[in-house]
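**Q** Below, each chain spelled out in residue letters.
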Amino acid sequence: MGFKFEYLLSILPDLALAALVNVRLAAVIIAIALMLGTMLTVLRSLKLRPVNAVVAIVISFVRGTPLLIQIFIAYYVLPAVGLDLTPEVAGIAAISFNSMVFVSESMRGGLASIDPGPLEAATALGLRPPVIWWKVVLPQLFRRIAPVLINEATIVVKGTALLSVITVVDVLRTAQQMASSSYRPFETLVGAALVFLVVNLAISLAGKTAEARFAATRM
Amino acid sequence: MTAQPILRVSALSKEFRGTRALNEFYLDVAEGEIVALIGPSGCGKSTLLRCLTWLEQPDDGFIEVAGRPFGRALMPRGVVRRQSRREIDALRPKIGLVFQQLNLWPHLTALENVVRPQTVVLGRARAEATRRADELLGRLGLADRAGRYPHALSGGQKQRVAIARALAMEPALMLFDEPTSALDPELVGEVLTVLKSLAATGMTMLVVTHEIGFAVNVADRIAFMDAGAVIEEGPAREVVANPRTPRLRSFLDLVLDRAQVPSGETLALPQTE
Amino acid sequence: MTAQPILRVSALSKEFRGTRALNEFYLDVAEGEIVALIGPSGCGKSTLLRCLTWLEQPDDGFIEVAGRPFGRALMPRGVVRRQSRREIDALRPKIGLVFQQLNLWPHLTALENVVRPQTVVLGRARAEATRRADELLGRLGLADRAGRYPHALSGGQKQRVAIARALAMEPALMLFDEPTSALDPELVGEVLTVLKSLAATGMTMLVVTHEIGFAVNVADRIAFMDAGAVIEEGPAREVVANPRTPRLRSFLDLVLDRAQVPSGETLALPQTE
Amino acid sequence: MRFDASILVDYWPLLAEGAWLTLRITIAAFALGYLAGIAVALLAILPGRLPRLMASVYIETLRNIPFIIILFVVYYGLPFSGVRLPATLVGTAALALFASAYYAEIVRAAILALPRGQFESARVVGMSPAQAMWHVVAPQVLRTLVPPSTNMTLTMMKESAVLSSVTVPELTYQSLIVQGNTFAPFEVFAAVAAIYWLIAIGIAEASRRLERRVGAAQAASVSANPIAARYLSLDARRPS
Amino acid sequence: ETTLEKIRRTGELTVGTEAAFPPFEFVKDGKIVGYGSDILAEVVKELGVKKLNQLDLPWQGILPGVLAGKFDFVATTVGINEERAKRYAYTMPIADGMPYAMKRKGDAITKIEDLNGKVVGTQLASSTEPVARALDAKLKAAGGPGFKELKLFTAFPESYVALANGEIDAVIQSLPSLAVLVKEKPDIFELAMPTSKDGGFTYLAWVTRPDDKELRDAISGVIRKMRDDGRLAALQEKWFGFAMTIPDEGYLPPGAM
Ligand SMILES: Nc1ncnc2c1ncn2[C@@H]1O[C@H](COP(=O)(O)OP(=O)(O)OP(=O)(O)O)[C@@H](O)[C@H]1O
Ligand SMILES: Nc1ncnc2c1ncn2[C@@H]1O[C@H](COP(=O)(O)OP(=O)(O)OP(=O)(O)O)[C@@H](O)[C@H]1O
Ligand SMILES: [Mg+2]
Ligand SMILES: [Mg+2]
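Chains as they are written, first to last, in this note's numbering: chain A, 1 to 219; chain B, 1 to 273; chain C, 1 to 273; chain D, 1 to 240; chain E, 1 to 257.
None of these hints come from the bench; they were simulated from the model.
Keep in mind it's a predicted model, so treat the numbers as computed, not measured.
Keep in mind that the hints are not guaranteed to be accurate.
As the list claims (entries may be wrong) - Think about it this way: if two alpha-carbon atoms lie no more than 27 Å apart in a straight line, the pair counts; the simulated DSSO-like pairs of lysine-lysine are:
(1) K45(E) / K118(E)
(2) K111(E) / K4(A)
(3) K213(E) / K50(E)
(4) K31(E) / K185(E)
(5) K51(E) / K31(E)
(6) K51(E) / K238(E)
(7) K51(E) / K213(E)
(8) K135(A) / K94(B)
(9) K118(E) / K86(E)
(10) K86(E) / K213(E)
(11) K183(E) / K140(E)
(12) K105(E) / K4(A)
(13) K4(A) / K50(E)
(14) K140(E) / K4(A)
(15) K111(E) / K86(E)
(16) K45(E) / K183(E)
(17) K4(A) / K183(E)
(18) K183(E) / K213(E)
Model the full assembly from the supplied sequences, consistent with the hints where possible.
**A** Rendered as structure tokens:
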């Protein structure tokens, strides 16, 4: 049962097709997670004690429990409280929520490295806090934590593979299906790995290019 | 002291965990007047400017800008009312502050640095704001640098962008924190020239500076500050020529002496072996 | 030019993507001599000091310290041999460099900043290294600050700790990069005094500086640098009094003028409305 | 949907055994992975193209494919090359390999964020690069390493669940046994989530203490500036 | 409204399947096929269902899915055991999962005792796991050393790879699956011998939610009918190459639903 390269090649087209599911979901999730993560960060910066206490528990839960279980909760437990979501919506909701927390935590780290001077200048000129967030803090923050966000994006792409447990047939599930009928789990997994590698390298590369572009308008 | 004061500071105090950075500070600046504020390191100059723009909340005392209370208002029957954030923000554009570190926004071009506050704070149309910014930058000799990002500007050019940004808001008063101290020596002259031109337009200015030469030649008045309060003030030339307090005298000795090297060998050093 | 040169730099060149920061730079510094290096911003002064300590690898040229080749050696028959990292590290303690930004180690106390290089590089026993550090800090007037961390020291005190750190290695030559430019004016005198005392001990020094006063009074020789090479040098007073090249003349004009304010109004400013 | 807690009462020894192994695997993979990560990070900051290229191939490959695939390649690939080791050992090594790529990136970024002058000033007094790293860079970088390393360690701890698929009897594996016996998914998931959460809280608490010890000065400097405290810190209490 | 009534009313049926278990249910050319699928097709016909949604998902999602009502029943072969039977309603068995041992081709394992000192693998939490444990106990009781190690895999395909690369020496699995595999890879694998059944119940069936006994009975009725008219045997010949006996009762452990 040695490694059969021809078999690997023969399944790549089908795997690539299945990867479109992951890419599509990941794109939506990343966009939502960025938006919600930013909002959560701004919310936390208001330092309203009860709110931040709740946020702290949510963050601890999301960081502390497996993503798989969070996905289960979104799809299988939420119907018990009257929220019956389709698999894709539940998956997007669960991973976005998870990623939102990690985005916000990354922002917490990034904020500490921003020079307060330009914010003081903005305040002294009379810019209102929402404007300062939107025009001064966030643009600098995003540039600064770009590498971390790219990292998170690749994690999200990998996370979409877990959605097979809620009936989303993605690359990994397709690979498993192939393995079970061909009895070649090794080749199919390597095939899936290649597909993920290509997608994530594309993201990393795009990120690096964007980073280099930002570097031109460096801090 | 000709007209109604544009800036009136009374009994301003600010303490940082044990350090009294401002200690019942009083100062009036009249319209069109140029006041140079000098004093030793750590005497509270930067803290004053930060309190005047309410970046730091003073513990006590009052600030009036063009006759209107700023930050805190004394109401009838001695009640002190804290102004809301919105009220404070509304008055802030009246006071232009140029920071020692300039604090340009690194992610925006020079032009955008000047345009953005106008559109956002004053609600000016973009075209109008751009026109004004172009004009200001042009007059400050930066017409060809408008599209550059701050990191690609020299120290003197950055300084002028920071000044343009403050001027674009049409402030009643400009505050400068050591406008030349972070500059290479060849650039100092350039910036002082700008300040002088600005003075000539009748702009009211409060300038924290170590350039005694500038203070003497351009300022109407010098205020010498020590330990959080003004301890001597008067017409610029007079103050420098005839310091009354011993503290000012020794300060001036130190600062004016810097071109000469102290001759006494006060420190014993090990012989090289 | 009395004795054998402690430092001999010949034909040193360094290019950064298109910019020729050093362009066949030549300089000799004799034992006990004090040379002030002046020149406009960007002319390559910092790059020179970095190349002299091999922090930056020069593209071309040779450095000799106390008669021994440093970094690159010219072998018989014209062969150039690159020294190994180990050889370079072994010679480095002979050259003390005080950075413009000082680069004290913020996680160590002042004392530890001076002790650590001795124990690590020279292999001195801790007790011995501490004794020397205490002595040095004491002579530099920092006996009571030895236990403090850098952030709790004033600019002048930090400068002196950096000097002590370099001196503890018993260098044959000290290099200073603009030792006063980051300091408050009152602190400038303090540091210049230290440099002067150091000079009095017979230490060989190469000082990059903008303090023409210091250069004239303390340095034996001034070298004026422009575009990566020394274009004029000579006894300090003579060079300042009678600059031969027009470039040095205009540079001196700019730098010496700074205490006076330029009187011509070169920039047109908008009238306040 | 019923929730039958008696299952957990019956099966808790299995779950406890699994949790204990998960904890040990996490600690071992953390230690191994961090050491490897530091080595790769050092490779990445060496001058010269080749070491940097090697480091970035290592990091990008391991970071960009799902862990389960790395695990399978190691676990099923090793026997093909004649090496035969206990599954727990192989699994822990694979986990360490996976984490090391992320740790390497974290360490690399932290070192690059330190002003160059710090390293140079150590070199210029004659310290070797290794000495400069040890005496000057490492102590300063420690502080910035803590938060992202904690994030990664938590991710890795949860990722160790994947080891169940190569017969490592850790928490998830034991929970699958319980589930196979009882067919009670929700009870088992709830218990497993709670146990993972507990372990995570332990890790987060340890890191918080470490952070407080190495980062006190920085926190103080941020809260001293009112504008920085307002916009740039999320956790400090509101001033007055 | 019960699930069965809902199915009748809407004419729509949703089932959950782990399509990675040949020859019962697996994916071929993008479609779920196999012995189970063929039976399902008959069930659909008999129940008068017009639209069938068959969802493929890994085992971890199957039970939560049926409990949360994401599909109507589990149309994937599930081994019958005592504890499970207390919580779910099993249909009539669709196959007899006779446990069998498989070895690498040519290895000298021909009788149960040959498994002494060997590394044996099976699927974690499957119906054959208790069978394997019982076998080990039996070997030890007979005075032998027992298995060298029992390795439990989360999926069967991985145990096959482990057998092929020498990680383990034998796989215990139900005969229908092994028969197909050995037919597929005759140069690698070989059937060794049947192992005793006394570890538990080895019949394979589908399950419904515990409160859907009505639906369960309806499905069981179809299966019984298929068995009686020979359709089931025909399908067994088609997929496994042999027919098996499906009992009418006694396949459920005591206390089952
Ligand atoms: N955020 C702060 N926290 C604690 N102490 C502070 C803070 N800001 C200023 N201080 C202290 O308040 C005093 C006044 O500082 P300030 O910066 O106003 O001095 P300065 O006159 O501007 O000095 P320099 O000429 O060096 O800029 C100093 O003793 C300083 O240490
Ligand atoms: N790492 C670098 N990469 C690219 N260019 C550099 C680098 N370092 C220096 N330069 C360029 O080399 C030239 C010399 O720089 P250097 O810092 O030596 O000047 P300097 O004389 O020390 O100036 P200053 O008085 O402003 O400190 C400048 O044009 C500078 O832009
Ligand atoms: Mg100040
Ligand atoms: Mg320089």
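**Q** Compare the structure with each hint and give your call.
**A** Verification of the supplied hints:
For the hint pairing K45(E) with K118(E), the CA-to-CA distance comes to about 48 Å; that exceeds 27 Å, so the pair is violated. Among the hinted pairs, K111(E) with K4(A) is inconsistent with the structure: their alpha-carbon atoms are about 33 Å apart, more than 27 Å. Simply put, K213(E) and K50(E) have alpha-carbon atoms about 22 Å apart, close enough for the 27 Å limit, and the pair holds. Between K31(E) and K185(E) the CA atoms are separated by roughly 23 Å; this keeps the pair inside 27 Å, and the hint holds.
For the hint pairing K51(E) with K31(E), the CA-to-CA distance comes to about 16 Å; that is within 27 Å, so the pair holds. Distance restraint check for K51(E) and K238(E): the Cα-Cα separation of roughly 26 Å lies within the 27 Å cut-off, and the hinted pair is therefore satisfied. A C-alpha spacing of about 22 Å is found between K51(E) and K213(E), which places the hinted pair at or below 27 Å, so the restraint holds. Taking the CA atoms of K135(A) and K94(B), the gap is about 21 Å. The hint holds against a cut of 27 Å.
For the suggested pair K118(E) and K86(E), the alpha carbons sit about 35 Å apart, so the restraint of at most 27 Å is broken. Of the pairs offered as hints, the one joining K86(E) and K213(E) holds, with about 13 Å between alpha carbons and a cut-off of 27 Å not exceeded. The straight-line distance between the Cα atoms of K183(E) and K140(E) is roughly 33 Å, outside the 27 Å bound, and the hint therefore fails. For the hint pairing K105(E) with K4(A), the CA-to-CA distance comes to about 20 Å; that is within 27 Å, so the pair holds.
With a CA separation close to 42 Å, the supplied pair K4(A) and K50(E) exceeds the 27 Å bound. Between the alpha carbons of K140(E) and K4(A) the distance comes to roughly 40 Å, so the proposed pair goes past 27 Å and is violated. Taken as a hint, the K111(E) and K86(E) pair is broken in the structure, with Cα atoms around 35 Å apart against an allowance of 27 Å. Straight-line distance between C-alpha atoms of K45(E) and K183(E) comes to about 31 Å, which puts the hinted pair past the 27 Å bound.
For the proposed pair K4(A) and K183(E), the alpha carbon gap of about 19 Å is at most 27 Å, so the pair holds. At roughly 38 Å between alpha-carbon atoms, K183(E) and K213(E) are farther apart than 27 Å, so this suggested pair is violated.
Hint compliance for this structure: hints 1, 2, 9, 11, 13, 14, 15, 16 and 18 are broken, all remaining hints hold.
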